[in-house]
Amino acid sequence: METLTQEKQAVIIKFAGDSGDGMQLTGGLFTDDTAISGSDLATFPDFPAEIRAPIGTVAGVSGFQLHFGSQRIYTPGDRFDVLVAMNAAALKVNIKSVKKGGTIILSEDGFDSKNLRLAKYDEDKNPLEDNTLEGFEVIKIPVTKLTREAISESSLGTKEKDRCKNMFVLGFLLWRYSRSMDTTLKFLNAKFKSKPEILDANHKALMAGYHLGDTMELSSERYVVKPAELAPGKYRSIMGNDALVLGLITASKKLGLPLFYGSYPITPASSILHALSKQKNFGVRTFQAEDEIAAVSSAIGASYGGSLGITGTSGPGLALKGEAMGLAVMLELPLVVIDVQRGGPSTGLPTKTEQSDLLQALYGRNGECPMPVVSCSKPSDCFEVAMEACRIAVQHMTPVVLLSDGYIANGAEPWRFPKASDIPEMKVSFAKQHEDGSHFMPYQRDEKLARQWAVPGTPGLLHRVGGIEKEDVTGNISYDPANHEHMVKTRERKVEMIADYIPVQKIESGHESGDILILGWGSTYGVCEAVTHSLTELGYKVGHAHLRYLRPFPRNLEELMKHFDKIVIPEINNGQLVKVIRDKFLLPAIPFNKIQGTPIAHEDLFDFVVNLLK
Amino acid sequence: MAVDSNPNGVPYTLKAKDFATDQDVRWCPGCGDYSILKQVQTVLADLGKQPHETVFVSGIGCSSRFPYYMETYGMHSIHGRAPAFASGLKIANPNLSVWVITGDGDGLSIGGNHFMHLLRRNFDVNLLLFNNQIYGLTKGQYSPTSEEHKKSPSTPFGSIDHPVNPIALALGSDATFVARSMDRDPKHLKDMLARADAHRGTSLLEIYQNCNIFNDGAFEVFTEKASKPDTALMLEQGQPLVFGNENEKGVRLDGFTPRVVSLTSGEFTKNDLWVHDETDQLKANILARFFDNPSVNPAAMPRPFGVFYQTERPCYEEQLHQQLDTIVSNLGEGDLDKLLAGGSTWEIK
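Respectively, the protein sequence lines represent chains P and B. Position 581 of the first sequence, counted from 1, bears residue number 581 in the numbering used here, the numbering being contiguous throughout. Position 102 of the second sequence, counted from 1, bears residue number 102 in the numbering used here, the numbering being contiguous throughout.
Extracted from the complex, chain B is given alone in its bound form (with noise of 0.2 Å):
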């Protein structure tokens, strides 16, 4: 157990490893959520978090076995309903570093309803959507991100389910702050985490999630040294979106139509290209629609990486005792013995 202060109350300064627990983590060896957790220690201890400040609050699934693995405070609660536990846990104290754990099936399925309140309200937590695109706890069924055709335990035919798209649902929610990583780039990822910390406001990070047991490979094209280049789009802010072995090829605007053009050819150089601005919402719509699989699909636009989109917008915890501190500075405390009373009274004698 962390001790995280001296008797004076002053921080110890903490390590990655103070902020996990005694527990054995119990994922399948080989597991994507092994690196996730690494980074996820390694952030709060940059960043210079104090455990008894911070919680970890999960539904069901795989991922959300997270809490019992960080020693902070933690609630693993029930499927699905995890932001709206977190949301009650913000009001109470809008002072904690609240993160939401969730999966696929778990924020998207059984939970899709919270997903699209908690980020609309834009409480501020940080929001880690482990996307591995299969149910590893109930073992393999399809997820409502499986791939179409998907053969799993309960579609052996194949899923005729046609899949969500996570990152158009957050910006469809109006959320404020919209990102994706991998479990494969834990330098990348540790910088999206540490974004997703700064932003006062509910940060969606998806994070792509290898199950190595019911889904393996199933970002491969993404995450891997031989497709990656030509695959994965690494979002920067004020870069123009270039990828490729050789950064040789760029995407280009052409009216609402994104084009994915050759800068060797000579027809068009890097000033040419789209540059990356998180602020723009409906720039963001479109990076979220380069969602085709380049497995199935090789003209398939490459799969972007990094913010999205960002935004300020006030946090509903923050206006909710704004409103209360108004109320009660206009009105005086409340009299309990007006309230009992009420409009008119009588007396008996």
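Isolated chain P, as found in the complex (with noise of 0.2 Å):
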């Protein structure tokens, strides 16, 4: 049969299977080698709490979602063109986001009569025979068999031989989408280099897997997506916590600081301890703290002994962390607060993304406690957002809060990155010792109202700090009540100042004036992005901001949202930016709020802002 291939602009690609499947794998190493085809993209990674769920249930199900095409991608996308499902639970969970007309590659041994119960399909109720895949291109692959088979002569136990099921399903889709298998081969021969017997058997499934579609007549199309005109320059396949550790590092180095990172493992936030722990060679020290508070409070140690002290957690340890980021704002000393934000109140929903730490890194600590926050947007934009938090903390003398979120951190994008010597230097100062001998005076401020750095093991520079109110400029513990409301003032004027020092706002994209104003913040960015494309080229008069800084807030925000008759903010909470805005400006922003754990669909909030419209 003739293999007809077909031009695609953009394809959504479900990778759907039981936790232990295998299928996070499998969607990243086809996400690299999408991203080295040169297809703009973005992912979506989604599984569950649970580490080992009871097989074949639907609690167990794992996916990982990716939209690719020679388009920009600014979502991974709402609906697929494409699930893979491997097991009865995963098609069970997924169909009802197939596109109309979509495909479904089936993994036929999955659907055995034990599957089918563990996802509670009625007995009688076989979805390969009844009329649930109706309206589908359906192409079912009896893959445990056919692997079992590619590899029958490797001595691996059963056990081993299904593991390589994923590498099977891997193969027949690079060949669906006429690439090469050298981008996995490769990876597969650096991870299995000292199990050459695993490393085999990998090969072979994935190249069974691939030659599947030549020799049987199961699929008779191939398809090609184009690369993505992108700006020229040198990528890389990039996901937030990961871009968050290359800022970090980077900011240390232009900085000249060591860089010290205390943290206590929590999802989605621990991949940047493990990430960091690995580049020691860059210097930086890592420490795996015995809780929430001593790991921000060993970061608030290390700054004052002159290092980049960074701590890096989620919603439930940034509220552990307060007491000892109240201390760092009387302190003033420098402090990165990573929080990859992740579904909430209290434990809630580990490994689903939110945005609902905003008004707790804003307000969530005792007493008049104000410290700049900025955001990230998307996995590469955390690169320098890192760089930024880093820099505003040192010359700023400020703790400073740092927002991610699951979707971001998990999340995967082409990133054209940079080259060393093109980022600039960062300045920083410590205090000397006073040549004319006189006192040194720990409180006293320069013209950004930050006090000095001033290191222990500095000869002259004797000084006592802590939580206790202070004097200005001498530093000494003080109750005096009009003392206390100017530092109150003073440290709440240094941090409004930063505004000064960073760039105004800008239209992301669409109009600089007319009906409507997106604005969004953090991982809200591609879906904001994405609707404004589809409304102003549906003539609309719509513009997208998107905030970085939340704390203090660009200069030119209110002017700019006084070109625009009414102003929506998306969120993926119950809406807390639209609370802030309100308050600060008076202005009646409209909220529009998804709290589902996942991104912001397309149409959910392309259909908010056309009603808006009418």
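Wrong hints could be hidden among the right ones.
Said to hold, decoys possible - Lysine-lysine pairs mimicking DSS-like chemistry, simulated, CA-CA at most 30 Å apart:
id	chain 1	residue 1	chain 2	residue 2
1	P	K100	P	K140
2	P	K427	B	K338
3	B	K283	P	K234
4	P	K566	P	K506
5	B	K338	P	K186
6	P	K506	P	K594
7	P	K254	B	K338
8	B	K338	P	K419
9	P	K195	B	K338
What the hints contain is simulated information worked out from the structure, not anything from laboratory work.
Make one complex out of these two single chains by using the hints.
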């Protein structure tokens, strides 16, 4: 049978299987290959909180969504063109999100009576046999059987052989999208260097899957997605947490300060600790503390000692760090607190995304406790925001909160990475002994209202710091009423003055003035962009601005908002930025909220804005 | 403000008063903290410490005001967490002489967790635990070291909490230096402070400290002239465990069971006694259990003072920096461009 190759502009694939089926790896490897092929892309891994939820059940389904194309890709997409379902549960969870006429690739062996029972399909309702799959292109492949056959000569046990199923599926998809196996083979060679038997089995499974398309009359079509028109330059694929790590290390080098990262493992922030702990030849000091409080406290201690002190966590950990962050506000020492947000409150939805820590970051401490807050909008943006958080912390002598979220942390996209030499050095200064022998005043301030960084070990700067209110300039303990008010106002003014040292807010896309401004922050960037493009193409007067700086806001924000009749603020929470905007500017901003642990869908935001435009 | 070196960098000889700040000391008159402050300032001068290389880190509580009175660097941090601040500081600069000041509430209640982890990691810091068996700063509630049935504002009918044994807790955390002293014995306190500082690793020194306002006389049975000889057992390396006015009593190990024996009855001599060995962890654990209160139980074993246990184990910060150095010498300094490029890249022209 002749194979036809069809060109596609964009494709959304969802890989879904049991937690143990290796779908994250399959998706990740397919993504790497997609990136290298020159497509633009966005990914969305979606996995259960349990490491190994009961096999075959709906609770145990792990998924990886990839949107790639020859056009600009802003989000992982709402509905899939292709669903790869390794078992009945994976089909059950995902079928509702497959586009009409879309393709469903099924691993037939995952639909035996046991799997159907575990997925809670009624006994007489096998979805492969009833009308469940009507209206879809269905490709059934006996993946387990074919994988075992492909590696029948291997001495591996059946369990280990079955672990190669994901490579078989990956092979088939690489064939289907007209790719080569080179990237994947390179990866396998590196990963299983010391395990030749496993390497061989994975190779064979991959190739068997690849050749399936040619040898069996399963699928007559192949597709090709041409490279996207991305700006010229060198690219790599990057996930949010990895970009944060690169940004932190780059900041440490550009500041000339050793990086200290104190952290306690928590989803979805742990991979920052893992990645940083590998980079010790950059002088990175990682410290897995006994708890969240010790993590932030050790980072403050390191900053006090002249290092770039950083801690990272997620929402529950930020709550625990609150008191120590307040101390950092009083000590006026540099500190970066990374919060990779997840669904809350309490333990909430550990592996799902949410933007619900904004108010905690802004206000969640005792007393008048202002801290600058910055946020990342997409995986690659984490690099710049991490550097910016470090710059603000060091140059303004203040703790800084950096907000990311689970969607950004685990999502991937192509990144045109910079040359190290193109990134400017960042200025840092330490206090020195006064030449005239006069006393060092620890709370004397510069034009930014920042005090000096006086590091223990330096002669002539002996002083004491602490959480008790201190007298202006001398830093001595003071309970004087007027001094307290003065210090509260000064600490606030110091943070507000950072607005003079950050860029003005820009319109990201669409119109500079008009009917509606879509004002976003954080991981809603992609959907805000995509919806703005869709609406402007239809002739609507819509613009999109995306805030990196949440405290202080850019100086021109109020002016920029006034050029629009309405302001819509989409957030994956119950309405937080909208409260701040209303409070600060007395503007009737309109909230658009989704609180389902997933990114906002294009069609939902699109419909909402169109309705407002009517 | 002390100038700790002349313009040529040659240190002046410093006296105890050079370690005192110009701040008014605000502890209650008669507080045991005054004695400890004086001994610490004296010991730092005696040891030739440089103020700018010395840091006092404390938590919250009466004792935690300590850094404000020391003409060194200092951080008065948050409740219970001083060990964590000190850990980060020691990683940032292992050369600093870091002293953590804590109390029984700060170090064993709210900060109990960090207490254990500091000890097991063995950062090279001196951890001074001011134990007064009461919450002073919050006006007299019972503390985790208060005796059972303690009447206090929060326990008007008597506490039903069982007290923690700080020395046993420290040994259980594999501390490398564990000692006890008291505010009323300045010479012993000074010796113990010097020993604690000489030890490389976390040195836990528990100091019985009298709170004359809320818990006056809590330790007087061990500290007053009349009762001290019979209740306090002064540990000395290589010496038999003897006590009593005339050293007429001793402690003998009968298997694993310690027994008080008379040296005057003719049955035993000093040669039959338990000889103190600081390097013996097993025996240190037995000594730590000499914990009954002689005021309540006249048959209680005498309370030991001195170094219970000392051993050498690499410090956390030392190992951390060794690991960094080894990795840098094996792999070379990190190349930022390589790091940014990661594994696989592609070019768009």
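Right, here's what the structure says about each hint:
Note on K100 (chain P) and K140 (chain P): the hinted pairing holds, with a Cα-Cα distance of about 18 Å set against a maximum of 30 Å. Using a Cα cut-off of 30 Å, the hinted pair K427 (chain P) and K338 (chain B) holds, with the two alpha carbons roughly 24 Å apart. Proposed proximity of K283 (chain B) and K234 (chain P) is contradicted: the alpha carbons are some 66 Å apart, above 30 Å. This hinted pair checks out: K566 (chain P) and K506 (chain P) have alpha carbons roughly 17 Å apart, not beyond 30 Å.
Taking the CA atoms of K338 (chain B) and K186 (chain P), the gap is near 18 Å; set against the 30 Å cutoff, the hint holds. For the hint pairing K506 (chain P) with K594 (chain P), the CA-to-CA distance comes to about 25 Å; that is within 30 Å, so the pair holds. Pair hint K254 (chain P) plus K338 (chain B) holds up; C-alpha atoms about 16 Å apart against a cutoff of 30 Å. A distance of roughly 10 Å separates the Cα atoms of K338 (chain B) and K419 (chain P); the hinted pair therefore holds under the 30 Å criterion.
Distance check on the hinted pair: K195 (chain P) and K338 (chain B) sit about 27 Å apart at the alpha-carbon level, within 30 Å; holds.
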